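Visitor: What follows is each chain in one-letter form.
There are 2 protein chains.
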Amino acid sequence: MSGRLYVVGLGPGNPDEVTPEALAAVAACSEIYGYGPYVDRLELRPDQRRIASDNRQELSRADAALKSAAAGNVACLVSGGDPGVFAMAAAVCEAVEAGPPEWRALDIHIVPGVTAMLAVAARVGAPLGHDFCAMSLSDNLKPWPVITGRLKAVAAAGFVIALYNPVSRHRPWQLGEALEILRAILTAETPIVFGRAAGRPDENIVVTTLAEADPALADMATCIIVGSPETRRVPRADLPDLVYTPRFSKGSPA
Amino acid sequence: MSGRLYVVGLGPGNPDEVTPEALAAVAACSEIYGYGPYVDRLELRPDQRRIASDNRQELSRADAALKSAAAGNVACLVSGGDPGVFAMAAAVCEAVEAGPPEWRALDIHIVPGVTAMLAVAARVGAPLGHDFCAMSLSDNLKPWPVITGRLKAVAAAGFVIALYNPVSRHRPWQLGEALEILRAILTAETPIVFGRAAGRPDENIVVTTLAEADPALADMATCIIVGSPETRRVPRADLPDLVYTPRFSKGSPA
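So the sequences go chain by chain: A and B. Here the first sequence stands for residues 1 to 254, numbered as in full-length UniProt numbering. Here the second sequence stands for residues 1 to 254, numbered as in full-length UniProt numbering.
Pulled out of the complex, with its shape left as it was, chain A reads as follows:
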């Protein structure tokens, strides 16, 4: 019999936010592939092999895991958050499409997880309470004019915007330019949330306004949520403001 590949979402980082389904998938595997810091979250048994690789090696990691499964192993590939959101599940599908025909016969199970924007939103209220979109700000993945075009389209159409991959060492200026584009469309008071490492010990959540948003608040581990024209802040005496987007929208068409 041929092997099996699990593509597993480990959630945002809090061990209590990993589903039993994800833990069972990892426990069923003899080989565990993933970006080092994600594999490091797991307590593996001595009989489980750990194959950690660098960030930005998604396709070679997917290839290696598929090869292992094709050789008869039960393998898994772990992602932070949800594997289907800017993560490993798409890389596995790409590798299957480009790979040898026998990979199309493999038993592939994708195990969903809590993606970063949901964890960040939960920390501040319900900013994703109405129509929203999730965009990667990485121009490694698509041309910068596509990104700016999409930002303008969704901001003008009234969507809340969750930004993944807002900055990296090699992409220092893109977030600043994205904020400038949004400032031309949305009001200065639009709430914006910088959510770093939500649920992890080094969590840092900052709620500010679009006018005052400083790109230096973001790093690779940050998910940013930009409000829509209907997103509200509810001040509370000794607690942080609640940020939410109402369920009922008067919205204006794009």
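One should not assume that every hint holds.
The list cannot tell twin chains apart, which means a pair is met if one copy fits it or any two copies do.
Calculated pairs, DSSO-like style, for lysine-lysine (alpha carbon to alpha carbon, straight line, at most 30 Å) [stated by the list, open to error]: (1) K152 to K67; (2) K152 to K250; (3) K250 to K67.
It should be emphasised that the hints constitute simulated quantities derived from the structure, not laboratory data. Just so it is clear, the structure is predicted and the values come from calculations on it, not from any experiment.
With chain A fixed as given, assemble chain B onto it according to the hints.
Guide: For chain B alone, coordinates are given in the frame of chain A:
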């Protein structure tokens, strides 16, 4: 001391997709509020009070749970999926904003969960592998022209589109009209996924094309994912097609 309110996401329906954090929150509570079918998923202790209410009573349910917490109870309000995505967290924030000042002093914890679109996507591959948006198709929540304007904006801008609340008894024609709008922008072969009750015993996942999509495939428990111009189908011999949106996008600006 005043009480506490947990707003808890129970995930898409598979008990293995409920996080330990969600179960711990429910276990900590003496009063459990929610839409009947969600509360029914829980095994409660005899000392826990179950207060189930009808769908579409979100605000009165939020009020009741906040009142209970303000009276000193540890209460929780359960949602399917993630409470921040078209669910109870926004209703709680609205109720706090409109309610008595003491509600602003309450300890409110929102516990994220796996939202429906992530569970549906995991079943078919990685259709949400690049930029995507989540929209409610309910015109109880916003004027229909706002919905159609948003659909046009995101389809033209190259986003994958996840549709929540696609139909209900009182909204029979909206999905058909939405599909017509999308057909004017996207090609006939655009993959579309009808994901009903993902992870539950009565799960039904259908992958088809935009041209052939039949609104009758959807009911209240369905989340629909409409591909972007870059979403692909990978045929497999004895297995369902993989549906995915590549990580790298050539995309065209809106």
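Visitor: Indicate, hint by hint, whether the structure satisfies it.
Guide: Status of each hint after checking the structure:
{"no.": "1", "hint": "K152 to K67", "result": "neither (42 Å within a copy, 41 Å between copies)"}
{"no.": "2", "hint": "K152 to K250", "result": "both (20 Å within a copy, 18 Å between copies)"}
{"no.": "3", "hint": "K250 to K67", "result": "between (52 Å within a copy, 28 Å between copies)"}
Of the numbered hints listed earlier, the single one contradicted by the structure is hint 1.
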